[in-house]
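With the hints as your guide, set chain X onto chain L.
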Amino acid sequence: VNQAGSTNLKVPIASTTLANGLHVVIAPDSAAPVVTVGIYYKIGFRLEPQGRSGFAHLFEHMMFQGSANAPKMQHIKLINSSGGLLNGSTSYDVTNYYEAVPSNALERVLWLEADRMRALKVDDENLKNQRDVVKEEVRVNVMNQPYGGFPWLDMPPVAFRNWANAHNFYGDFADLDAASLHDVQAFFNTYYLPNNAVLLILGDVKADEGTALAAKYFADIPSGKTPPFADPSEPAQTEERRGHVEEKFGTLPAMAIGYIMPPRRTKDWYAMALLDQALHGGRAGRMYRDLVLEKQIAVEADGGIDDLFGYNGPTQLTTRIMHKPEISTDATLAAFDEVIREIQQSGISEDELHQLKVKWRSDYFATLEGGRGGYMPKYGLMHLLACFTLFDNEPQLVNTILDGFLAVTRENVQDAAKKYLQESQRAIVFRTPVASAKEAA
Amino acid sequence: MAFFATQLAVGVPELAAERPVKWPKRTRTRLANGLEIVLAEAHSIPKFHGELVFRSGNSAAMHRAPGLAELTATVLRTGTKKRASRQIEEDLRRIGADLSSSAGADTSAIAFAGLSEFAEPLLGTVDELAREACFPESEFERERRQKLEEVKLERTSPGFLAGERLRKVLFGAHPYGTVSPSESQVAAYQREDLLETYREFYTPENALLVMVGDFDSAAMTAGIEKVFGAWTGKKPTVSASAAPANPRGRRVYLVDVPGAVQTQILVGCHAITRKHPDWVNLGVTNSLYGGAFNSRLVMNIREDKGYTYSPRSGVHPMRQHGYFSVSAAVRNDVVAASLTEIFYELDKLRSLPVPAGEFADAQNYLSGMFSMGLATQSGLLSQLATIAFNELPDDYLETYRDKVRAMTPEDLLATARKYLDSANMQIVLVGDRREIEAQARLFGETEIYGAQGALLK
Chain L
1 VNQAGSTNLK
11 VPIASTTLAN
21 GLHVVIAPDS
31 AAPVVTVGIY
41 YKIGFRLEPQ
51 GRSGFAHLFE
61 HMMFQGSANA
71 PKMQHIKLIN
81 SSGGLLNGST
91 SYDVTNYYEA
101 VPSNALERVL
111 WLEADRMRAL
121 KVDDENLKNQ
131 RDVVKEEVRV
141 NVMNQPYGGF
151 PWLDMPPVAF
161 RNWANAHNFY
171 GDFADLDAAS
181 LHDVQAFFNT
191 YYLPNNAVLL
201 ILGDVKADEG
211 TALAAKYFAD
221 IPSGKTPPFA
231 DPSEPAQTEE
241 RRGHVEEKFG
251 TLPAMAIGYI
261 MPPRRTKDWY
271 AMALLDQALH
281 GGRAGRMYRD
291 LVLEKQIAVE
301 ADGGIDDLFG
311 YNGPTQLTTR
321 IMHKPEISTD
331 ATLAAFDEVI
341 REIQQSGISE
351 DELHQLKVKW
361 RSDYFATLEG
371 GRGGYMPKYG
381 LMHLLACFTL
391 FDNEPQLVNT
401 ILDGFLAVTR
411 ENVQDAAKKY
421 LQESQRAIVF
431 RTPVASAKEA
441 A
Chain X
1001 MAFFATQLAV
1011 GVPELAAERP
1021 VKWPKRTRTR
1031 LANGLEIVLA
1041 EAHSIPKFHG
1051 ELVFRSGNSA
1061 AMHRAPGLAE
1071 LTATVLRTGT
1081 KKRASRQIEE
1091 DLRRIGADLS
1101 SSAGADTSAI
1111 AFAGLSEFAE
1121 PLLGTVDELA
1131 REACFPESEF
1141 ERERRQKLEE
1151 VKLERTSPGF
1161 LAGERLRKVL
1171 FGAHPYGTVS
1181 PSESQVAAYQ
1191 REDLLETYRE
1201 FYTPENALLV
1211 MVGDFDSAAM
1221 TAGIEKVFGA
1231 WTGKKPTVSA
1241 SAAPANPRGR
1251 RVYLVDVPGA
1261 VQTQILVGCH
1271 AITRKHPDWV
1281 NLGVTNSLYG
1291 GAFNSRLVMN
1301 IREDKGYTYS
1311 PRSGVHPMRQ
1321 HGYFSVSAAV
1331 RNDVVAASLT
1341 EIFYELDKLR
1351 SLPVPAGEFA
1361 DAQNYLSGMF
1371 SMGLATQSGL
1381 LSQLATIAFN
1391 ELPDDYLETY
1401 RDKVRAMTPE
1411 DLLATARKYL
1421 DSANMQIVLV
1431 GDRREIEAQA
1441 RLFGETEIYG
1451 AQGALLK
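One line per chain: the protein sequences are L and X, in this order. Just so we're aligned, residue 1 is where the first sequence starts under my numbering, counting upward by one. Just so we're aligned, residue 1001 is where the second sequence starts under my numbering, counting upward by one.
One or more of the hints may lead you astray.
What the hints assert, rightly or not - Only pairs whose alpha carbons sit at most 30 Å apart, straight line, appear in this in silico DSS-like list of lysine-lysine:
hint : chain 1 : residue 1 : chain 2 : residue 2
1    : X       : 1082      : L       : 121
2    : L       : 248       : L       : 206
3    : X       : 1082      : L       : 295
4    : X       : 1025      : L       : 206
5    : L       : 128       : X       : 1305
6    : L       : 324       : X       : 1152
7    : L       : 295       : X       : 1022
8    : L       : 10        : X       : 1022
9    : X       : 1168      : L       : 248
10   : X       : 1082      : X       : 1234
11   : X       : 1152      : L       : 248
Unchecked claim - Sample of chain L residues facing chain X (criterion: CB under 8 Å; computed from the structure):
hint : residue
12   : 28
13   : 33
14   : 284
The hints are simulated quantities; they were obtained by calculation from the structure and are not laboratory data. Ideal placement from N, C-alpha and C gives every residue a C-beta, glycine not left out.
Isolated chain L, as found in the complex (with noise of 0.2 Å):
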């Protein structure tokens, strides 16, 4: 018992391996007659191959377009006319799939994603209609958007030398119109294989109907190869890098400042994740208290780890900064720099400690319960078994992994500023209006 609180966690779990290689979880609760299904394959927009950038998020959207036994459109109405939601998302080193439906759908959904595991059918056609979805994707959320791909898509190519980590995940499109049908294919036959996925059952099933029901509709796909996987370490950097980027619609200068992290589960890691609740936690974080409520330099300062469970390569802790444009680029960093040389030299005191870890368990518990814009019920817990299943092996970890936050001390957290909170570490992008002196029509 640790003082910021008993974490007393008892998810129950049941967890087995299919022949095929398929790892299966289920974590049962009977409280609403709903259950989510998800299923993670270990490859993200990371490890796509050269050439190809954005192909690993065009593939998650060919994964709806048709399969074997349910052709375009049947995976979307099926689910949809069960009374249940879907979707899928790419991320660095995941692409999941998921549901969720009122559980007498269960086996409908799990009929679903077996069908599309074993056999992606899909045409050009079905291609060429994604591609241009995707494309309009790629519009909405960053090319015609105030800020849009800030810092997600600027900081890879400044931070990183390795293109697995520098390139452009959404995709260029030039890349995205070379795709082929082929490159579809080829894509589905390396990574999409049972051995290289786990399957999440949650919520309203019992552990050994689950298991059953995943062996009823999953076991006969054949196993393929071990997928080769791209190394994505990065060469030591020695120096601090910078990059500009032009912001054609937004008022406001804007910065994001990035740090190496360590690797996951490491002591560092820990302290990490609680240093960067002490300077982004909201309007109790540093960096919003001196930046935008004392100094009143910023308009929004806030930042973060990328997936701090999800991340599976090189990764950083960064901080978004939106100033005032009558205030300088340098006055704002070097505000910034006052704010990590304060938590450097002098560390955190016990009582922030203690803020920190009671507000993180808080946050943990509400990660469990939901977590995808509260649509979707228990998509968190999804998402670390998921995570701990196929980076740790691991998925009880769910359970135990809390004790690592609140075992965190004040040295740990200080030495951990010292450590990577370094210039030669970090990577800073600048996003300036073109026209901040733009008047009005």
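Quick look at chain X alone, frame taken from chain L:
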């Protein structure tokens, strides 16, 4: 589309028998000071979620200035008679709580979530903010200047510009017609305006406290009584606004954003409030039209034609009026083609009966989604707050799905004919005038605006 419709899935497992939904037990009480309380237990995690809602928002403060209720809610958390801003924020973190204060058109609200073990100090903070906020001059001035930057920034977002123009077109001089203040209006805000708004709106007679989570309702009721019982204050007097005219005939409003590489389409018309007897029927109609992934609009302009990524339609209820809208961000060369399909699907819904299978799919979708929304503390909170705020019947949760299932395809046809008339839809386009003006003019008389709101020529 017929091409797809003929291809059915082979070997799909049938749905099993439905498992019953356990409807959450609610406790409703009213304190002597008028504070209305709705509680529901949900023991999924050792936390609770809550909302203290006041039945007055930006509309009720519009006679002073647009956005005043919003700024009042923002400054509210920056100081009380007992604690300064920094202390409040750190004390919230000390008990693992999240808290936000904001205002919409019809409400001001303090929303909160925290660990069950710290319910008492969190309720104490909510009470302190609702009763003893002191609006320090320096905090007000900072937030006002912050707001100035925000109102400049929001005019660069296509979504904001489209929504703002549609609301103006549909509601005109009614408070619902103004979604955000201008720079000069923000510059003219006075601290006294906020204090006045705070004193008027934030009273127990005007408030509703909804909480969902891991607690014992009887003990929580006693705790609430202890914290909020001594609070006093009357309901503010409400001055009625004249009903907005329902725009007749189709017109186009183009907001010019030079250099835009895509066009934000937003089409809309007047609709209904939550209390209206047609609410459920319009919900099913909307769902089938463009409210779900498996809807006609999405299948047509996304999955068949690839014009857009996220087309959708929705019914937006406010307290006095409501509106229906269709939105899609499309590439510039298919603006006219997209509008044609948007109207084609609306007209089809008014002309041809919906096939029984498709109709049943839409009913199942809404019915399932409704149960799903109750499976998390925050989902249930949002449902209960909606029910209480709109004074819907106590059995609303239990009977909603029956109402969805009682609807017939004939009802849908009648609903579409009553509400979704493409001849009277107002069209807002946010994009580069040079790229889209000719396409816009095909759909009606066209007015062109700048991003700052001025009518151009």
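Evaluation of the provided hints:
1. X:1082 <-> L:121: violated, 66 Å
2. L:248 <-> L:206: Violated, at roughly 53 Å.
3. X:1082 <-> L:295: Distance ~23 Å between residue 1082 of chain X and residue 295 of chain L Cα, so the pair holds.
4. X:1025 <-> L:206: holds, 25 Å
5. L:128 <-> X:1305: Holds, at roughly 10 Å.
6. L:324 <-> X:1152: OK: residue 324 of chain L and residue 1152 of chain X at ~12 Å, within 30 Å.
7. L:295 <-> X:1022: Roughly 51 Å separates the two Cα atoms, so the pair is violated.
8. L:10 <-> X:1022: holds, 23 Å
9. X:1168 <-> L:248: holds, 27 Å
10. X:1082 <-> X:1234: holds, 24 Å
11. X:1152 <-> L:248: holds, 14 Å
12. 28: violated, 13 Å
13. 33: holds, 4 Å
14. 284: holds, 4 Å
Going through the hint list in order, the structure does not satisfy hints 1, 2, 7 and 12.
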